[in-house]
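Enquirer: Sequence:
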Amino acid sequence: MTTTTLVTRFYYGRVIVAFSAAMQIFSIGLLFYANGVALRPWMDTFGTGRGALSAVPFACTIAISILSPFAGPIFDRYPAPRLVALSLVALAAGLFGVSVAQSVPQLIAVHATLLTVGATGAGAFAAQTLTAKWFARRRGLALALAASGSGLGGLIMPPIMAVTIEAYGWRVTYGGIATFVLLVLVPLAYLLIRNPPAMLDPIEQVETATSGHGGSGGAALALTTITILRNPVFLVTTLGRRSVIAELGGVDPLRVSWICPH
75 MTTTTLVTRF YYGRVIVAFS AAMQIFSIGL LFYANGVALR PWMDTFGTGR GALSAVPFAC
135 TIAISILSPF AGPIFDRYPA PRLVALSLVA LAAGLFGVSV AQSVPQLIAV HATLLTVGAT
195 GAGAFAAQTL TAKWFARRRG LALALAASGS GLGGLIMPPI MAVTIEAYGW RVTYGGIATF
255 VLLVLVPLAY LLIRNPPAML DPIEQVETAT SGHGGSGGAA LALTTITILR NPVFLVTTLG
315 RRSVIAELGG VDPLRVSWIC PH
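Count along the sequence shown starting at 1, add 74, and that's the number in my numbering.
Treat the hints as calculated values from the structure; they're not laboratory data.
Accuracy of the hints is not assured; some may be wrong.
Derived Cβ-Cβ restraints for the label pairs, each shown as a range [unchecked claim]:
#: 1; residue 1: Gly-125; residue 2: Phe-254; range: 29 to 35 Å
#: 2; residue 1: Phe-84; residue 2: Asp-150; range: 25 to 31 Å
#: 3; residue 1: Gln-176; residue 2: Phe-84; range: 48 to 54 Å
Every residue, glycine too, gets a C-beta built ideally from N, C-alpha and C.
Assemble the whole structure, with the sequences as input and the hints as a guide.
Expert: Listed below in structure tokens is the structure:
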């Protein structure tokens with residue numbers, strides 16, 4: 075009776091997975107996948123070619139790669155709700171910065187600073203770190219569901235960007251999305267994100283209990299960010315996806331002209 079109750083009751087880690095996926099729709103979807111839609115309007119506004127603008131997603135990818143190892147100890151030391159919320163604030167500030175940018179160097183600077191902070195603290199890194207600390211028995215499934223937010227961002231954000239850019243212009247579009255992130259996602263982060271538990275809930279120790287010494291089990295699986303980053307599976311999947319996203323970020327604007335003609 076007790077075991078059935080533990081297995082079937084609600085586990086708050088599911089909320090962490092859901093919100094982790096949701097925030098990646100904006101952080102990853104906007105910064106990488108939707109950049110292809112914005113290239114042609116940027117070319118028209120700044121009078122430049124795609125070669126110069128391809129440096130925008132590239133600079134963001136490089137900056138995230140540099141920042142991520144330093145972000146790991148920060149996520150281990152400070153409260154997760156505060157860090158995620160502040161990262162979303164940085165994301166919103168970066169999107170506002172894009173909306174008022176007057177040159178390509180300014181676009182690059184905003185992507186390599188504010189948007190990099192936002193994409194690190196409210197993107198795949200934060201999602202996978204938080205999820206891994208909340209789950210043990212179902213960690214693989216939880217990580218997969220959390221990572222789905224990145225793919226959903228690539229599916230959802232480009233069409234939204236295309237429609238809004240065509241109707242209102244790219245500056246208004248970026249400003250409007252920044253407002254949504256600031257007024258909706260930031261408060262939700264404070265409300266929904268919780269620090270990983272010091273000891274995993276019994277619902278996540280059902281199988282791990284039998285692997286302990288003498289079946290005593292129930293021991294906390296105290297994961298740190300450094301432990302997660304050293305995992306070969308995490309490294310291979312993360313670095314591989316980063317390279318693919320970097321390539322997609324520099325997509326030829328002519329290939330997406332059917333989405334956003336001008």
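Enquirer: Hint compliance check: list the failing hint numbers for this structure, sorted ascending.
Expert: none
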